[in-house]
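Participant: Each chain, letter by letter, is given below.
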Amino acid sequence: MAEQKPSTAIEAVESGLAAQGYIASRQIATAVYLSQQIEKPILVEGPAGVGKTELAKAIAAWRGMKMIRLQCYEGLDEAKALYEWKYAKQLLYTQILKDKLGEVLGGAQTLDAALDQLHDFGDVFFSKEFVEPRPLLQALEHPGGCVLLIDEIDKSDAEFESLLLEILSDFQVTIPELGTVSAITPPTVILTSNSERDLGDALKRRCLHLHIGFPEQRLEERIVESRVPNISQTLRRQMVGFIHEIRSLDLKKLPSVSETIDWARVLVLLQASELDTDIVKDTLNVLLKYEADIEAAQPQITTFIAKAARSNVFG
Amino acid sequence: MRENIHRFFRAARGAGVHVSPAESIDAMRAVAQVGVSDRTILRDALLLTLAKSQDEKLALGDCFDLFFSQPEPRPDQPEVDREDGSQGTDRSPSSSSASEAGEGQPPEGLGPLAQMLLSQDRNAIAAAIASASGAASLSDIRYSTQRGIFSSRILDAMGLQRLRDDLDELTATNPALAERLRTALDAFREAVRDTVAQGLALYAREEAENLRNEILRNAPLARIERRQVAEMRALIRQIARRLRERYSKPRKRQRRGHLDVRRTLRRNAAWGGVPFLTAWKRKHRDRPKIVALCDVSGSVAQVSDFFLLLIHSLHEVVDDVSSFAFSSHLIDVSDILESKSPEEAMAEIMSKVGFGSSDYGSSLVDFEKEFMSTLTPRTTVIVLGDARSNNLDPRADILRRISERSKRLVWLNPEGRLAWGFGDSEMPRYATFCSIVRQCATAQQLERAVSDIVATYQ
Numbered sequence: 169m170a171e172q173k174p175s176t177a178i179e180a181v182e183s184g185l186a187a188q189g190y191i192a193s194r195q196i197a198t199a200v201y202l203s204q205q206i207e208k209p210i211l212v213e214g215p216a217g218v219g220k221t222e223l224a225k226a227i228a229a230w231r232g233m234k235m236i237r238l239q240c241y242e243g244l245d246e247a248k249a250l251y252e253w254k255y256a257k258q259l260l261y262t263q264i265l266k267d268k269l270g271e272v273l274g275g276a277q278t279l280d281a282a283l284d285q286l287h288d289f290g291d292v293f294f295s296k297e298f299v300e301p302r303p304l305l306q307a308l309e310h311p312g313g314c315v316l317l318i319d320e321i322d323k324s325d326a327e328f329e330s331l332l333l334e335i336l337s338d339f340q341v342t343i344p345e346l347g348t349v350s351a352i353t354p355p356t357v358i359l360t361s362n363s364e365r366d367l368g369d370a371l372k373r374r375c376l377h378l379h380i381g382f383p384e385q386r387l388e389e390r391i392v393e394s395r396v397p398n399i400s401q402t403l404r405r406q407m408v409g410f411i412h413e414i415r416s417l418d419l420k421k422l423p424s425v426s427e428t429i430d431w432a433r434v435l436v437l438l439q440a441s442e443l444d445t446d447i448v449k450d451t452l453n454v455l456l457k458y459e460a461d462i463e464a465a466q467p468q469i470t471t472f473i474a475k476a477a478r479s480n481v482f483g
Numbered sequence: 165m166r167e168n169i170h171r172f173f174r175a176a177r178g179a180g181v182h183v184s185p186a187e188s189i190d191a192m193r194a195v196a197q198v199g200v201s202d203r204t205i206l207r208d209a210l211l212l213t214l215a216k217s218q219d220e221k222l223a224l225g226d227c228f229d230l231f232f233s234q235p236e237p238r239p240d241q242p243e244v245d246r247e248d249g250s251q252g253t254d255r256s257p258s259s260s261s262a263s264e265a266g267e268g269q270p271p272e273g274l275g276p277l278a279q280m281l282l283s284q285d286r287n288a289i290a291a292a293i294a295s296a297s298g299a300a301s302l303s304d305i306r307y308s309t310q311r312g313i314f315s316s317r318i319l320d321a322m323g324l325q326r327l328r329d330d331l332d333e334l335t336a337t338n339p340a341l342a343e344r345l346r347t348a349l350d351a352f353r354e355a356v357r358d359t360v361a362q363g364l365a366l367y368a369r370e371e372a373e374n375l376r377n378e379i380l381r382n383a384p385l386a387r388i389e390r391r392q393v394a395e396m397r398a399l400i401r402q403i404a405r406r407l408r409e410r411y412s413k414p415r416k417r418q419r420r421g422h423l424d425v426r427r428t429l430r431r432n433a434a435w436g437g438v439p440f441l442t443a444w445k446r447k448h449r450d451r452p453k454i455v456a457l458c459d460v461s462g463s464v465a466q467v468s469d470f471f472l473l474l475i476h477s478l479h480e481v482v483d484d485v486s487s488f489a490f491s492s493h494l495i496d497v498s499d500i501l502e503s504k505s506p507e508e509a510m511a512e513i514m515s516k517v518g519f520g521s522s523d524y525g526s527s528l529v530d531f532e533k534e535f536m537s538t539l540t541p542r543t544t545v546i547v548l549g550d551a552r553s554n555n556l557d558p559r560a561d562i563l564r565r566i567s568e569r570s571k572r573l574v575w576l577n578p579e580g581r582l583a584w585g586f587g588d589s590e591m592p593r594y595a596t597f598c599s600i601v602r603q604c605a606t607a608q609q610l611e612r613a614v615s616d617i618v619a620t621y622q
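Residue numbers (our numbering), protein chains in the order written: chain S, 169 to 483; chain X, 165 to 622.
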């Protein structure tokens, strides 16, 4: 792999992802290639629905690895993300072993001797057996590597970010009772963020920063082609052109790639052969998710269709 | 190339992208992986490793394009010239005779620079300029006034002196060639000037901005020029961001310390009270509550404006701000400031209470009558004003009551300490009831004052 020329290697990444139905721009492919070569996580930012999460899935499918997903939310903590002690099991075992304990301690003459024996015994309950691995620890312990997706990191608290730092830079975690657990094979880590809040510099520094915006028209056509293969070429061009016009409006939520794909599916279902005002009006709610947005777009539909058709002729 | 990449890091810092040593190491590793042959991939790799936000990506992209576009040594002249030189022999007989004479046999004894210029080798010249600017450490350029000195340093390093001698000699022996050399020299000077200008654009941006900000930070707020107001607003916003970052850290600080027995028992009820999970007592920190009384009469209005802007952009840090503006009487302006843009809000406030002659006594009476209930033992009261009450009754007794009801009373005075107590200034009488009195005339002093106020709550 390292012998390959970087440009060919990057193309290989691009075609590999394309085989999984993910059409990546060159920037994305470069990021994936680099993250593999210099073993760094990728922090993906961008508006909702441009395929940030899909990227992780596509990488996992392409490399044939397991994907472990950690969905972040407010209040997510160590116990849910990293590991937890199996308290119930510990308790149960102490109950069952009670008699045994009596036997072990029974031989002791003095209190001190009993205490000593108990000390030797105590660590048993804080061993690997009683650790419940959560996504982060699972990812480190997975033999053969995996893709770790830390989704919507911006939704978690600032403290959680600090927890991630050790994993992101050294691929290891420290559990006080057990010591440091290092990754068997460093996982490919993808973090996604919707920029709801600014992430800390320390976190950003440890990652490659990739921004995925709305794709260019050509690229988006290819994406639609790969996801909805049975749509005709003229309709595809028209609808993508139309969506690009819609994105020039000042809307609350701009339609993103996932909406484009949904819309393409809807149009195929309705057996539309080309865009016209009626069908767009009827299906606009697939594209726009706010009443105010739909109202703002309604009067422009005819012009946009005309524009999209024109660009179709010249493009 | 390694050298070039390092220079690019410096240029990136100049463009406002923070490149730490760790990031530059990462970038070098990435560059080692992708190689430097493909420029678009190199650009992507650097953007991925160095830039950490969309803004930084844009800035860095521009910086990359600027950095790796070599200034053309001579725009169009050389094209024509070279054609003349190389093909002139068999194409244009009329004009070629003179130049051919020079071209065919470069006169002996010319310096390397003269020969290079005469041979019209653009790449060689560009390379020579690049290495000479390296030798003159162009990347140290900081201010636009240094352009001249760096140009002459580069020219000297390339042997301008020798070229002049050659030129003098040639004027006597071969005037046609001398003429050609002279035009070439002019174009060459231009190329060097372009290189220096590019260097300035690349490396000096940060420094120039810092200098300008530094001056602005220490300029008296009350007397800044109109064109600087926008810049000052930007600066104040920057200060607000800095304060936010410093003070908006999570509130639950003391995690470990005393065991919270009640919560521990409750949490472990499921395990028969065996304390598997411990709960610790936490110390809650109050968010600052601020009541600001701002004088908006003529002399102090500008300072109040910036102060209000600063206080109201601290949402994340400050829980609760109530602002009051006064000159001869006092009104509540919190809503105006919350709902409108800073410019509009200030205009409205000024039209309501501004521009009067200040009367601290009656303004304080207004406050006591209507708004005294906003004060709690956790409130910090900030009064911003010059305490010049036009010889009217200062009503310092109300200020005493305000001070008793609140946590702290801070007085910020835009005037210098020397002027306090002279003329109609009531500062000494008010000062007795204030926890702190400080001068606050520049953006820097404003930042310190607000920072101190917020810090007392941490």
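Honestly, the hints are just simulated from the structure, not real lab data.
Built from N, CA and C at the ideal position, the CB exists for glycine as well.
Mixed in with the good hints, there may be bad ones.
As the list claims (entries may be wrong) - Among the chain S residues that face chain X by a calculated CB cut under 7 Å, a handful are:
no. : residue
1   : Gln195
2   : Gln205
3   : Ile206
4   : His379
Participant: All hints, please: hold or fail.
Facilitator: Results for each hint:
1. Gln195: For S/Gln195, the interface hint holds, since the closest Cβ of chain X sits about 5 Å away, which is under 7 Å.
2. Gln205: holds (4 Å)
3. Ile206: Where the cut-off is 7 Å and the nearest Cβ of chain X is about 5 Å from S/Ile206, the hint holds.
4. His379: holds (5 Å)
Hint compliance for this structure: every hint is met.
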